[in-house]
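Undergrad: What follows is each chain in one-letter form.
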Amino acid sequence: MDSNRFAVGAAIALVIAAPAAAQDGPLEQPEVERVYTPIPPERLEQMVPKHPEYLGALAPANLQADRPPAPIDLTGTWFVDLSEGFLHFLFGPPYPRFGPEGVEALVDAAAAQAEGRTYRDSIGQCYPPGMPMIMTRVWPHAFIQLPTAIYMISGFNNSVRTIFLDGREFSDPDLVVPSYNGESIGHFEGDTLVVESRYFETDNHWIDYGIPISDEFRIIERFTLSGEDNEVMQIEYVMTDPQMWEGEWRSTKRFNRADYTDINEANCILAYNANLPGTDLGSEAAEERGQSELVDEQGEESE
Amino acid sequence: MKLLKLGAGLLALAAMAPVPGAAHHSYSMFDMQRTIVLDAEIVQFRWSNPHAFIRANARAGDEVELWSIEMTSPNNLVQEGWTRRTLRQGDRVQLYVHPLRSGAKGGSYAGVRLADGTTLGEVE
Chain A
73 MDSNRFAVGA AIALVIAAPA AAQDGPLEQP EVERVYTPIP PERLEQMVPK HPEYLGALAP
133 ANLQADRPPA PIDLTGTWFV DLSEGFLHFL FGPPYPRFGP EGVEALVDAA AAQAEGRTYR
193 DSIGQCYPPG MPMIMTRVWP HAFIQLPTAI YMISGFNNSV RTIFLDGREF SDPDLVVPSY
253 NGESIGHFEG DTLVVESRYF ETDNHWIDYG IPISDEFRII ERFTLSGEDN EVMQIEYVMT
313 DPQMWEGEWR STKRFNRADY TDINEANCIL AYNANLPGTD LGSEAAEERG QSELVDEQGE
373 ESE
Chain B
2 MKLLKLGAGL LALAAMAPVP GAAHHSYSMF DMQRTIVLDA EIVQFRWSNP HAFIRANARA
62 GDEVELWSIE MTSPNNLVQE GWTRRTLRQG DRVQLYVHPL RSGAKGGSYA GVRLADGTTL
122 GEVE
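Chains as they are written, first to last, in this note's numbering: chain A, 73 to 375; chain B, 2 to 125.
Calculated directly from the structure, the hints in this document are not laboratory data.
We put the CB at the ideal spot given by N, CA and C, even for glycine.
Don't take each hint at face value.
Label pairs and their calculated CB-CB ranges [as the list claims (entries may be wrong)]:
| # | chain 1 | residue 1 | chain 2 | residue 2 | range |
| --- | --- | --- | --- | --- | --- |
| 1 | A | 359 | B | 34 | 19 to 25 Å |
| 2 | B | 120 | A | 176 | 32 to 38 Å |
| 3 | A | 101 | B | 67 | 37 to 43 Å |
| 4 | A | 179 | B | 67 | 31 to 37 Å |
| 5 | A | 331 | B | 93 | 39 to 45 Å |
| 6 | A | 103 | B | 82 | 33 to 39 Å |
| 7 | A | 336 | B | 82 | 53 to 59 Å |
| 8 | A | 104 | B | 92 | 38 to 44 Å |
| 9 | B | 67 | A | 147 | 17 to 23 Å |
| 10 | B | 125 | A | 128 | 54 to 60 Å |
| 11 | B | 92 | A | 336 | 56 to 62 Å |
Quick look at which bits of chain B chain A covers, simulated, 3 or more residues with Cβ under 8 Å [to be verified]:
| # | segment |
| --- | --- |
| 12 | 47–53 |
| 13 | 84–97 |
| 14 | 101–108 |
| 15 | 115–125 |
To spell it out: a stretch of chain A is covered by chain B in this simulated footprint if at least three of its residues, at any positions, have a beta carbon under 8 Å from a beta carbon of chain B; those stretches are [as the list claims (entries may be wrong)]:
| # | segment |
| --- | --- |
| 16 | 235–247 |
| 17 | 338–347 |
| 18 | 352–363 |
My request is simple: use the sequences and hints to build the entire structure.
TA: Listed below in structure tokens is the structure:
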């Protein structure tokens, strides 16, 4: 029996039955009694996740360790710069030469667009956008930079990403749990923060409109600050995936400080998405309600 | 430009609409070139992230159709004057909507004319 099952088993609640007889008026609140069984220390120890070889990024001993000061501080709230066009939230074109899966995605996405259909609407089904798309959601991102890590929280569904700066190595590939934002480790080269990310979850993880990735997907990002008050952050992306495209897929994004906003709680709730006709679920729900009587002025049914 | 109407209860407009600011998925299923106006009674107004939404009964001639209207995020809506109390169940309003291209009963919010004549969003 693993530790979590042990904990659940020990915490079973016993409800003392309330009077069962039917009666008028409000229900009588039942007495609740729980049986608390002490958990052995070794079981407790197993409950706490740990990587015994190195300290966590928020461990005081790690935060206070002797290391050079960071040359730039990315702490702030940032919003992607779409001043040159909304579609700059996408990472291409230019695109690399894709393999058959990527080519198929380009063709099918264009067909879906022309027909007014969604294509690989995974976000509408509450899958995380993942890297790199989470960075260019039209929502602010909070960056909190510490000596050991940068914590990034997106306004879009509170997606969390951590860039570790404490000199750790990437996790053992046989132990790591793949994730949509991947595992990110950074270091400074002059005034540039260079970050490598790997170990991405590939299920329903797309770039732009449905371009797939494999488990060989890697991203190198180069973060720089500019402006009188460091109000502009630029990120150069170099993305590689030998299974999915040839060479490097490059893109550069700029972000501006958004000093008059904060990150609030935001959750993807599937049941609500049935009311969003822009998602597959919402579109299907609308179809189930039948066609509207939309007609043009000549009385013909609209397309 | 194509003018549209929905039975007796709809006006017809056409407009170039911007892509919703907080869109988190494709808007290709909406006809963003057209705006229709629903004479609507509010069934539900949900003020939530990442998208607010409206469910409303729209009059279409002698019929009543239940529509779902996708909105952008409250953060964006606040900037055009919305609050979480702007709509209540039973309110009668005119909803300006970019309809689904499929013709099904759903759309993307463009604007609203409230019962007192106040307007929010794009209503022209």
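Undergrad: Hints first: check each against the structure and report whether it holds.
TA: Status of each hint after checking the structure:
The beta-carbon spacing between residue 359 of chain A and residue 34 of chain B, approximately 21 Å, falls within the hinted interval of 19 to 25 Å. Our hint of 32 to 38 Å for residue 120 of chain B and residue 176 of chain A is violated, since their Cβ atoms are close to 45 Å apart. Judged by the Cβ atoms, the range 37 to 43 Å given for residue 101 of chain A and residue 67 of chain B holds: they are separated by roughly 39 Å. Checking the proposed 31 to 37 Å range against residue 179 of chain A and residue 67 of chain B shows it holds: the Cβ atoms sit about 36 Å from each other.
Remark: the range hint 39 to 45 Å for residue 331 of chain A to residue 93 of chain B is upheld by a beta-carbon distance near 40 Å. As the Cβ distance of residue 103 of chain A to residue 82 of chain B is approximately 51 Å, the hint placing it in 33 to 39 Å is violated. Distance hint check: the CB atoms of residue 336 of chain A and residue 82 of chain B are about 19 Å apart, inconsistent with the given range 53 to 59 Å. The given range of 38 to 44 Å is respected by residue 104 of chain A and residue 92 of chain B, whose C-beta atoms sit roughly 42 Å from each other.
For residue 67 of chain B paired with residue 147 of chain A, a C-beta distance near 47 Å fails the hint of 17 to 23 Å. Look at residue 125 of chain B against residue 128 of chain A: about 56 Å separates their beta carbons, and that is inside 54 to 60 Å. At about 26 Å, the CB distance of residue 92 of chain B to residue 336 of chain A disagrees with the hint of 56 to 62 Å. Coverage of a stretch by a chain is defined here by at least three residues with a beta carbon nearer than 8 Å to that chain's beta carbons; for the segment 47–53 of chain B and chain A the count is 5, and the condition holds.
Residue count for the segment 84–97 of chain B with a Cβ under 8 Å from a Cβ of chain A: 0. That is fewer than the three needed, and the coverage hint is violated. Chain A is given as covering the segment 101–108 of chain B, and this holds because 8 residues of the stretch bring a CB closer than 8 Å to a CB of that chain, at least three being needed. Note: the segment 115–125 of chain B has 0 residues with beta-carbon separation from chain A under 8 Å; the three-residue rule is not met and the coverage is violated. Given as covered by chain B, the segment 235–247 of chain A fails the check, having 0 residues with a CB less than 8 Å from a CB of that chain where 3 are the minimum.
With 7 residues having a Cβ less than 8 Å from any Cβ of chain B, the segment 338–347 of chain A passes the three-residue criterion, so the hint holds. Residues of the segment 352–363 of chain A lying with their CB closer than 8 Å to a CB of chain B number 8, which satisfies the three-residue condition for coverage.
Comparing the model with each numbered hint stated earlier shows that hints 2, 6, 7, 9, 11, 13, 15, 16 do not hold.
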